[in-house]
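Undergrad: Now for the letters of each chain:
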Amino acid sequence: MQEPTLLILTALADRPRHGYGLMQEIATISAGRYRMRTGTLYGALDRLLGQNLIAVDREEIADGRARRFYTLTGQGRAALTAEAERLRSVAAEAERRLRAPRPRLQGGAA
Amino acid sequence: MSTEPTRLPFPVRLYPRAYREANGAETAATYADATARASLPARIAEGAGIAAHALRMRTGLGSDRPFPQAAALAAPLVAAVAAGQSAAQLLRLPHTSPPGTLDGLHQLAGMSVPGAWITGLLWCLPLLAVLAGRWTAAKVFGVLAASAVAAARLAWFLPRVAEVQFDQLASLLLEVGLPQLLWAFLLVAAPRDLLDTSPPGRATLPVAALATYVTAAVGWRPGPLGVLVLAGAVVAVALAFTRRERLYPVAVLLAVLPVLLVSYTSQVTLWCWNAGLSYDATVAVTALPLAATVVGILLLNRRRAPDVQPPASPPPADTVTF
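Going line by line, the protein sequences match chains A and B.
Take the first sequence: its position 105, counting from 1, is numbered 105 in the numbering used here, and each next residue is one higher.
Take the second sequence: its position 40, counting from 1, is numbered 40 in the numbering used here, and each next residue is one higher.
These are computed hints drawn from the structure, not numbers from a lab.
Heads up, the beta-carbon is just placed ideally off N, CA and C, and yes, glycines get one too.
Residues from chain B that keep clear of chain A, each with C-beta distances beyond 12 Å, as calculated:
| hint | residue |
| --- | --- |
| 1 | 114 |
| 2 | 143 |
| 3 | 144 |
| 4 | 181 |
| 5 | 234 |
| 6 | 278 |
| 7 | 280 |
| 8 | 296 |
| 9 | 297 |
| 10 | 299 |
Have a look at the derived ranges for each label pair, beta carbon to beta carbon:
| hint | chain 1 | residue 1 | chain 2 | residue 2 | range |
| --- | --- | --- | --- | --- | --- |
| 11 | B | 243 | A | 84 | 20 to 26 Å |
| 12 | B | 55 | A | 95 | 42 to 48 Å |
| 13 | A | 101 | B | 41 | 48 to 54 Å |
| 14 | B | 41 | A | 87 | 30 to 36 Å |
| 15 | A | 32 | B | 121 | 29 to 35 Å |
| 16 | B | 244 | A | 14 | 26 to 32 Å |
| 17 | B | 37 | A | 85 | 35 to 41 Å |
| 18 | B | 199 | A | 59 | 34 to 40 Å |
| 19 | B | 128 | A | 49 | 32 to 38 Å |
| 20 | B | 243 | A | 61 | 41 to 47 Å |
| 21 | A | 99 | B | 93 | 50 to 56 Å |
| 22 | A | 15 | B | 117 | 54 to 60 Å |
| 23 | B | 37 | A | 14 | 25 to 31 Å |
| 24 | B | 284 | A | 61 | 58 to 64 Å |
For the chain B half of the interface with chain A, some residues (derived, Cβ under 7 Å), not all of them:
| hint | residue |
| --- | --- |
| 25 | 25 |
| 26 | 29 |
| 27 | 30 |
| 28 | 33 |
| 29 | 46 |
| 30 | 50 |
| 31 | 52 |
| 32 | 64 |
| 33 | 191 |
| 34 | 193 |
| 35 | 194 |
Sequences and hints are given; from them, build the entire structure.
TA: Right, here's the structure in full:
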């Protein structure tokens with residue numbers, strides 16, 4: 001799963017969000033490392049809607065602006081769960097190996 | 001959520017009518033939020049991003065379509081392979097015959113030595129940009145490099161146009177940088193939201209560039225080593241079948257195809273001539289790979305996109321809401 005997809009699904013994991021809310025949440029989740037632009041966001045949302053990983057939760061007008069809230073589908077939740085599990089197992093293996101004693105280098109200077 | 005088109009910001013008005021009527025108001029609201037209190041460069045970047053998405057919608061290059069998904073898989077490889085191929089071309093520049101030409105092509109389709117250096121170095125820039133995680137810069141450099149190749153070849157060709165028979169124009173057009181244009185098209189067609197930005201994904205690219213450099217540098221001379229480039233391409237495509245993404249073999253094939261065209265077009269032309277084929281048949285044979293690629297891309301993009309990431313377990317059918 002590419003990072004933009006992972007970030008969008010993660011941003012929607014706890015509650016539905018609208019477009020600008022997603023952009024802000026993605027910046028927060030990635031600690032400001034990833035800033036998604038409007039055009040990129042809606043390209044990704046179109047794809048994720050087509051793949052049934054997300055769905056439109058509701059539409060409303062707030063402060064005179066049209067808001068469409070997106071939410072994870074069951075399929076999206078399953079995909080995010082599987083990706084989180086994969087990342088967790090890789091991280092756990094990396095930590096286990098880092099904790100293991102390092103073999104001494106052979107043939108060093110006397 | 002429809003809105004009067006004239007009340008929408010200019011970039012949003014570029015969307016196709018149906019999409020604009022369904023999503024224009026919401027996109028305009030997000031655009032307004034994203035550009036509030038933003039600097040002028042940030043506003044321009046936001047607007048350009050929306051315009052690019054609108055153009056994708058109009059040209060069938062949205063990230064929900066199969067070809068852009070393949071292009072996104074191919075784009076990192078394109079940057080690596082193009083850099084390796086260009087570096088190998090620069091290395092062999094003093095040894096080309098006749099002087100000042102590249103790719104083993106005949107003199108009229110060649111380019112000047114300064115042009116070869118500039119275009120060769122330009123094609124190394126997309127790889128540097130990708131390694132730095134700057135995909136927009138990589139796309140710009142790719143378009144610049146492909147344009148420079150076409151311009152350098154045309155600059156070489158135009159003063160000699162009087163020497164050219166009219167029926168030679170077709171083969172000359174085939175050789176005026178079309179493989180490099182395919183590379184640039186793949187970079188541009190790759191949607192930003194599908195591009196690999198991870199450090200592990202980028203870490204393999206110098207290896208791919210080095211492998212391309214070695215095969216292209218060693219295998220450019222006619223003779224037994226001449227099959228090295230073809231063998232390298234076959235191995236790369238074969239390895240792509242070991243990846244989980246169904247489109248990855250297509251992506252690798254698209255990325256290495258320009259290397260094959262640059263390496264073998266003149267050789268295939270020579271074989272055709274020696275076999276007694278007519279001029280038209282020879283042009284048809286040499287044009288076949290690119291023509292088949294164009295048809296293949298159109299056919300691929302008509303199909304429904306495969307799911308990028310199937311879940312590990314059967315998902316529940318209902319929508320999760322909070």
